[in-house]
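Each chain, written out:
Protein chains: 2
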Amino acid sequence: MPWRRKGSRAGRGSTCRVDPVPVATPISAPDSDLANVTFNAEGLVPAIVQEHGTGQVLMMAWMNEDSLRRTLETGRTWFWSRSRQEHWCKGETSGDRQFVRQAYYDCDGDTLLLVVEQEGRGACHTGERTCFYRAFGGPSERRALGAAE
Amino acid sequence: MPWRRKGSRAGRGSTCRVDPVPVATPISAPDSDLANVTFNAEGLVPAIVQEHGTGQVLMMAWMNEDSLRRTLETGRTWFWSRSRQEHWCKGETSGDRQFVRQAYYDCDGDTLLLVVEQEGRGACHTGERTCFYRAFGGPSERRALGAAE
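Sequences listed follow chains A and B, in order. Counting in the working numbering, the first sequence runs from 1 upward without gaps. Counting in the working numbering, the second sequence runs from 1 upward without gaps.
Derived by calculation from the structure, the hints in this document are not laboratory data. Computed from a prediction, not measured in an experiment: that's the story for all the values here. Hints are not guaranteed to be accurate.
[Stated by the list, open to error] Coverage of chain B stretches by chain A, computed from C-beta distances (three or more under 8 Å per stretch; other residues unrestricted):
| hint | segment |
| --- | --- |
| 1 | 81-93 |
| 2 | 98-109 |
| 3 | 114-128 |
All C-beta atoms, glycine included, are put in the ideal place defined by N, C-alpha and C.
Using the sequences and the hints, build the whole thing.
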């Protein structure tokens, strides 16, 4: 994947700053953390994905225990596709990868929250940055999405 | 419920600022918006609740079509309790009410995102502000939760 230039700093010397490709950072979680997660009758738990820094909620998808373990161990988001009945790693095909920076489970242990660095165009297969790009009551609401307002 | 004082402004006169109680604002959504929402086999859709302004993800709960309509029509969050098999309005007992500021549905129409003004202590029945107060890998991760870092 290409390196992204950020700010050419023209007139301030011959150097330019180049942002490095995000690095996947595994999260070392004890089995006692995993034991707090409750999977539903299908062995799945919903996982909310939020963008690090902006706070924008990007998407929600499902994980089983194996995809949760892969996510923590690789620092990338892995989900379980209920329609295809297979694991998928976000961005592996599209290039729009997610690098996990924090991972949480809720008070009941039945929902996950992944805070990620989102690479590329965004999280949504439509090309939108977030899957939540349509507001009840019309497009004017979109301007105020989440913390990015 | 009590009014909250914010900033006594000592030494700047005899007045102090008092924040008003949040006002519930209905969202007028056409039936075509509602028709884009897909409910699961139990007639439910997961609803993510995010705090307006901070961007903090507070909780996730389930709505059926009736609780979604009540949410939009009243500007308060209504959910369906799967364990009690009844509607509940967040904060009606605890006082920790949620006032909806924006409401979104995702690209597949099978997940909702409600951006709310959270009243009182917070969203979690444990007394924490967010239900996602436990991080995989330990409490040190909590400091960087979402956009509030």
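- Query: Okay, the segment 81-93 of chain B and chain A, do three or more residues pass the C-beta test at under 8 Å?
  - Reply: Contact hint for the segment 81-93 of chain B vs chain A: violated, 0 residues under 8 Å.
- Query: Residue count check for the segment 98-109 of chain B against chain A: does it reach three with CB-CB under 8 Å?
  - Reply: holds (count 8)
- Message: At least three residues with a C-beta closer than 8 Å to a C-beta of chain A: is that true for the segment 114-128 of chain B?
- Response: Answer holds; 5 residues pass the 8 Å Cβ test.
Checked against the numbered hints given earlier, this structure breaks only hint 1.
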